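J.: Mapping of the first sequence onto this note's numbering: position 598 corresponds to residue 774, and the numbering continues sequentially without gaps.
Derived from the structure by calculation, the hints contain no laboratory data. Note that the structure is predicted; figures quoted are calculated from it, not measured. Just so you know, even glycine gets a beta-carbon here, dropped at the ideal spot from N, CA and C. Hints are not guaranteed to be accurate.
Unchecked claim - List of simulated lysine-lysine pairs, DSS-like, C-alpha gap at most 27 Å:
no. : residue 1 : residue 2
1   : Lys642    : Lys688
2   : Lys909    : Lys948
3   : Lys541    : Lys349
4   : Lys508    : Lys357
5   : Lys417    : Lys398
6   : Lys572    : Lys417
7   : Lys334    : Lys508
Said to hold, decoys possible - Label pairs and their computed distance ranges (CB to CB):
no. : residue 1 : residue 2 : range
8   : Arg1104   : Ala185    : 49 to 55 Å
9   : Asn776    : Glu197    : 38 to 44 Å
10  : Ala185    : Ala809    : 32 to 38 Å
11  : Ala1087   : Arg962    : 41 to 47 Å
12  : Asn825    : Ser275    : 47 to 53 Å
13  : Glu341    : Gly815    : 55 to 61 Å
14  : Thr548    : Lys398    : 15 to 21 Å
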Amino acid sequence: MLEKHFQPAEVEGRIYRAWEEAGAFKAGAGKRGQAKPYCIVIPPPNVTGSLHMGHALNNTLQDVLVRFERMRGRDVLWQPGTDHAGIATQMVVERKLGSENKTDRRTMGREAFVRAVWAWKEESGGTITNQLKRLGASCDWSRDRFTMDEGLSRAVLKVFVGLHEKGLIYKDKRLVNWDPKVQTAISDLEVQQIEKKGALTWADGDPEKPFDAAALAKALKKDPSGHLYHFRYPLKDDPSKFITVATTRPETMLGDTAVAVHPEDERYTALIGKHVVLPLVGREIPIVADDYSDPAKGTGAVKITPAHDFNDFEVGERHNLARINVLDAFAKIDASAPEAYRGLDRFVARERIVADMAALGLLAKIEPTTHTVPHGDRSGVPIEPWLTDQWYVDAKTLAKQAIAAVEDGRTRFVPENWSRTYFEWMRNIEPWCISRQLWWGHQIPAWYGPDGKIFVAMSEAEAYEKAQGHYRSQKHPLSPQREGDHGEGQRQSPAQGAVPHLQASSGKITLKRDEDVLDTWFSSGLWAFSTLGWPDESPELQRYYPTSTLVTGFDIIFFWVARMMMLGLEFMHEIPFDTVYIHALVRDEKGQKMSKSKGNVIDPLELIDAFGADALRFTLAAMAAQGRDIKLAKSRVEGYRNFATKLWNAARFAELNSCARVAGFDPAKASETVNRWIIGEAGRTAAAITSEIEAYRFNEAAGAAYQFVWGTYCDWYLELSKPILTGADGPAKDETRATAAWVLDEILKLLHPFMPFITEELWAKTGEVGPKRDGLLVLTAWPEGRGLSNKAADEEIGWVIGAITDIRSVRSEMNVPAAAELELVLSGANATSKARAERHGDLIRRLARLKSIAFAAEAPKGSVQIVIGEATAALPLAGVVDIAAERQRLEKEIEKARAEIAKVDTRMANAEFVAKAPAAVIDENHQRKADFSAQIEKLEAALKRLKAAADTAALSLNAPWTDDLSAGRWCARAWPS
RNA sequence: GGGCGGUUAGCUCAGUGGUAGAGCACUACGUUGACAUCGUAGGGGUCACAAGUUCGAACCUUGUACCGCCCACCA
């Protein structure tokens, strides 16, 4: 016996365990192992993270696809796993150590710190996995992977070494985005441009406003950005003359090595080739001509600091300028600057330098400006362009085949438009900086010899082998010797014994490993094949690569999708996935991005607790229309929780009416019209949901299911079947019971990808009676949905539903009390309608609250009349009907119909329309006109009868429902004074 | 500066050339042993604006306005 309400919290855990115990999510198991594979690799969440709304959406959509394909019989692998998330995790642990143990990573040392991170990973690593399970994610957890697993780490090494050998990974000294807080280089993608507006205004020589260093310091402390400072640089030849430059970053002037002007800027042509004396520093620097300088910007003359600005770096290259680095890793002024500024933080130095320049009379003015300042996306502090040695991937070369694969359609984006974004970025791709000065991550497999020579290898032992080979061929006086014992004593270099003269030498070389680790995205870029076992030739790799669909948000197309494309094609020589489905962002109900600082974060787990995982999943799927962000309101989740309740109650109804499944029931052989109709509707719905999911229109699929379950099955079929189910026993009742149960089964299957818990639970409950179930719903075959519809049944039930709706409508409009039972007289009905009315009289009476249905040649006088097709249905309300109101109603109906006819007429009057529109459209218009004309005819007849009745009718207060309590109100309305 | 998207009912949004839709909210009424987390009925829209293409435009084209996002630059 089913409870009145579905209680998700009591059911979900049990159901999930049942799936796992049955091995339902296991790829390649049993007979399925022979089927066509379908594979999705999960976008790996941060191992120490917890589930947010973005995960909930992302994984719901994946689960819908995966459950759908599994039911369709495919051998499904949903490959789960987590990401070590270098910077994010390291920062979390550092913060934790700081607050709990009052220590920091530098004090602890690298080894102890990395141990602490592993400990934290062990402690919190299962959180997100368990949360995904609560959502219902049907991943093959037996294949769970982590980017720092032994296998995946081996893949990282192999890729690094491979790319290095091909020259696609190289080390370079150039400007990088340096995060002075986390103390690491970051890639361009990890830089966030934040717009800053200044407010400071000051001009030299304004007697009203003398320069106030204290006020400046105060203002800059509040916001150091957004101000444009004009500095005068005195000419070497004549220190009384100046060239004025404008800058938003005064502190970098300590590293200036030139001033650039545009070669055609007449204001400055005379100065080109001359020198200025850099104030505060005293260095003589040239005035150079360079196109980079824009006469329209600032003063037209621009200071050049090659070591601290990406553009200036290029200018420096062109003019062979020195690169003077004046900042250290903490973005403090370093020893290359004048003593007065050494050790100052960049922003303190800024205010000091501006004040000092002002004191020297070299500050011309300060004006507010708007510019964007690059910030580290994790640390939130302004990044510094900083000159360091880093490792780079030659992305430009790798991008070529990745672009081609999307151009020729081997991989397609859904919605297609995202391929433009992909192309745009890929075609303008810059070298990818992959080294990070962190401790948590894959350490770069590069070793340095005593002379700085780099050996890139899969292992230290191999690096020593390479080093030995190298130095021997170089006739290097040093002999290589491995450092420490790495438990692989048997891996002796074969060369060693063969080179006695090296052995004989007493010198040893020591290789030092690069301390940096790799960008997290380097390892996640291998995810599509490293999780399947690469570099080993595993059976999974053979079977599931290329994977089928990648489901992800647009915010990581560059970070992740692009890199998987490049690395997949490079190492597997095949695309990593054939379809990339890009979904939207989940925002709050006002359309704002959810963020902790705004306090508008909706926790998916709270929603699951409140409404159940099914309700949350259905909401997300129903709102996942392509190309638009999802604004999530709690009320929507509540609404779909109600939908789950509705489904539950439909099952209860079936149970109460003994609608049990019947062995061997063949829907194609049903004979009752309602049954044939609902079976056809179920088939149509199955076909619709199938094609919508295939096209990734999750919202349409969810909508079709919702409409069918609530609007068709519950609202109509169950109502229409009540007279049969509560009527006499017999074949009709048996068939209806079997049909109701069969359709419910279909519903459970169709809803399962969206609402796995409640459907699985109902599958079990409804399986308690009738023939034994084959197994769990999760592994049940998806409905076919073809060839079950029956046109005659559809038309007949359509007529019945139409009649009931119209009668209900007019009852309501005429304020007939709900309980009142009316007598209906049908006139002008043709044989078909008459037969339909007779066949379904019982249920029409029941659902439209009629006492009886009679047939007559003409509608009785003084009745309210409704046009149903060719027939007129009359409700005898003589004497109680408000004639004026009824006349108005009829006139309004006539007016509406006439307006429609007018529309058709104008269209048909257009000769070109008649000539050019397709025949079907013309026919449709003819038909419309005929229908509306007939309707008008009937309505006009009704109006005429009404008038006649009004003239002759004896006023009677004996309404047929005067015993009803509401009769008083009814009569009062009907007879206004 | 370049690119992408949006503007349809009070709200949130579907709708790829042929009769403007859904959910929520709102109003009225509640009856039949599935369901008040419900039922029945109802009101509500110049599809942002303008021009064009077309027999026909919410839909295609161009432009305008406003809103959002991404990329680049920023003296």
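J.: Run every hint past the structure and note whether it holds.
T.: Each hint, compared with the structure:
A C-alpha spacing of about 14 Å is found between Lys642 and Lys688, which places the hinted pair at or below 27 Å, so the restraint holds. Our distance criterion of 27 Å between C-alpha atoms is met by Lys909 and Lys948, whose separation comes to about 22 Å. Annotation: proposed proximity of Lys541 to Lys349 is violated, straight-line Cα distance about 36 Å (limit 27 Å). Taking the CA atoms of Lys508 and Lys357, the gap is about 11 Å. The hint holds against a cut of 27 Å.
The straight-line distance between the Cα atoms of Lys417 and Lys398 is roughly 35 Å, outside the 27 Å bound, and the hint therefore fails. Restraint check for Lys572 and Lys417: not satisfied, since their Cα atoms lie roughly 47 Å apart, outside the 27 Å limit. At most 27 Å may separate the alpha-carbon atoms for a hinted pair to count; Lys334 and Lys508 exceed this at roughly 38 Å. Arg1104 and Ala185 have their C-beta atoms about 53 Å apart, which keeps the hinted 49 to 55 Å range intact.
Checking the proposed 38 to 44 Å range against Asn776 and Glu197 shows it holds: the Cβ atoms sit about 39 Å from each other. Against the hinted window of 32 to 38 Å, the Cβ-Cβ separation of Ala185 and Ala809 comes to about 22 Å, which falls outside the hint. For Ala1087 and Arg962, the Cβ-Cβ distance of about 43 Å falls inside the hinted range of 41 to 47 Å, so the restraint holds. The given range of 47 to 53 Å is respected by Asn825 and Ser275, whose C-beta atoms sit roughly 51 Å from each other.
Taking 55 to 61 Å as the suggested C-beta distance range, the pair Glu341 and Gly815 conforms, at roughly 58 Å. Distance hint for Thr548 and Lys398: a CB-CB separation of about 19 Å, consistent with the stated range 15 to 21 Å.
When held up to the earlier numbered hints, the structure conflicts with 3, 5, 6, 7, 10 and fits the remainder.
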